[in-house]
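Student: Going down the list, the sequences are from chains A and B. If you count the first sequence from 1, position 107 lands on 107 in this note's numbering, and the numbers rise without skipping. If you count the second sequence from 1, position 297 lands on 1297 in this note's numbering, and the numbers rise without skipping.
No lab work stands behind these hints: they were computed from the structure. One or more of the hints may lead you astray.
No farther apart than 30 Å at their CA atoms in a straight line, the calculated lysine-lysine pairs in the DSS-like style are these [unchecked claim]:
| no. | chain 1 | residue 1 | chain 2 | residue 2 |
| --- | --- | --- | --- | --- |
| 1 | B | Lys1107 | B | Lys1185 |
| 2 | B | Lys1185 | B | Lys1010 |
| 3 | A | Lys195 | B | Lys1010 |
| 4 | B | Lys1105 | B | Lys1129 |
| 5 | B | Lys1107 | A | Lys34 |
| 6 | A | Lys70 | A | Lys34 |
Because the structure is a prediction, the values reported are computed rather than measured.
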Amino acid sequence: MIAAITGVGWVSTETMGSGRRHQVLQSKDGELPKIVSRMVFGEVSPRFGRLDEYSKLGLAAIAFALKDAKQDQLNEKRTAGIIVSSIYGCLATDMEYFEQVIANGGNLASPNLFALTLPNIFLGEAAIRFGLTGPGFAVNGAEPGGTEGLKLALESMFLDENPMMIVGTSDPGCPPLFPYHVEMAAGALFFVLEKHPPDASLSYGGLDMTLRGDVLFNGVEIQSLASLFQGCLPHLIR
Amino acid sequence: MESGRTEIAKIWIVDANVVTALGKDLTDTWEGVVNGVSAIREISRFPVEGYYARMAACIEGLATSQDRSMIAALVEQLFANMQPVPPDTALITATTKMGIDNLEKLKRGQPARVPDILLSSLPELISQKLGLRTTGINISASCASSTIAIARGAGLIASGRADAVLICCADVVTEFTFSGFSALKVVSASPCRPFDRARSGLTLGDGAAALVLMSEERALREARDCVAVVRGWGASNDAFHITSPDPDGSGLVSAIEQALSRSALNESDISAVSAHGTGTLYNDLMELTAFRRVFGGRRIPIYSAKGNIGHTTGAAGGIEVALAAKALAERTVPPTAGFKDPEQGAEGCVSASVVSLTGDVCLTTNSGFGGINAAIVLERGPA
């Protein structure tokens, strides 16, 4: 086994929270919830409020996953990396930013909004909040299911680069008025992977990977992050 | 897969090319860099009258098609001078904004191929062009995107999941990116001057790079040349600030230490450093601090190519690794264009002149927004 899954966190159109504590949402027309910092951190956070929807979505799921793994308390910085897979990523923010450039001229563009037009920026926000000093990056690929990021995370742990990785997907969906739709479910889902979990009772199961790149959860091949979620929390799947 | 570091394959770079504002291939770009030529000019690609800074290192004639992104033309140039890539090669690309020029066109009501806007379209474009069996993935990690891509490509080979990986990175100067960096007040009104006391910010540039990594075993089997050997890699996050580096350089030090540990080399084995060297106040200070922490009082040659080709954002790491491989092969540390008056800590390390490279190992580093840092240890290939 390369790693144990010790935390699961997500935000979907129907539920949000973590494997051990989540809530059912009163979804309006299948939309994702408008996330505010109190829902995630139990307190008001101006920094969180300044983020775009893509970043809030991903950061919330990461926070829920770390809480599930009892790794959300920042006592000291630790080596843990984050990988997010996404299709549209921060595209809605890109569009909003460039509309401002056209309307107001580039010299009046918002530096804060521009900083959010990089899909890995919210991983830096997560790193600051939770003291995570491993690398954070975004992965975009044609392969469905979001497993490419998971494979990179497992490889990094296999090579002894990072003892802990947080890996998942965050996608607010196709921005309004963007004329190119990819079939996908909007939402965010993250897993905490630990090589040597301090509390074995927190493990949902073990992950391994073959040389061909097949990912195995408790010895069974999984094809997507959604099927990994199902493997971890079968009682939540209707 | 059994965890650990034993029996890890040696990783060769068997082919490399770059396209920059200095030239259509690695040779042209290297010649320009080593001769201290700067490709930084006033921008004509989009109106710059409203901006306080107006310079970038743009490749002329990139906008060849009305609806395709400039990245497509850049990729065409990149592979024009490379050996065929084996179809079973894995593919990792790196870009921060891919075809963001097409989002600009879309928003202005001009013809634009919309899929070019998505970051995943870069690996799709290259896979289709080269006839690869994989669709590949793209990695986006700000200005360390391609350095991370090289690290993950090396990881793929080291873990045994692949024996050949193509790394391809590309980014272009657009009004989108130029306005953003201008709004952040990090663009220099004059050509950037890395590690100079009078530096006033970065200069953006167009660029792309392609590097074919192979396990030594496969490279020998296929009688491939060795451009350089990837000995080690490391990556970290500052966990400090979203757009500013940690001034104590801890994150970069960590990435370098990981790369050295992976390579089983010591800091004393490093003969030169290809720094990120953007020319911004805080980046360059942070890097000098980090290098001082790693190398102590040793006056190691440090250079930056950004005064020549500008800051090519997501492509910077790939281009700089290709140039560092060339530096090792030519036993030459290139000068740092724009450098005159050393920032404290740069004395005796950064130079405006060519310096002989006396050893066999070079370190390249990049850092970026979101707190990311990455480092690669390169060794001269066997003769």
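Student: Provide an ascending list of the numbers of those earlier hints which the structure does not satisfy.
Tutor: 2
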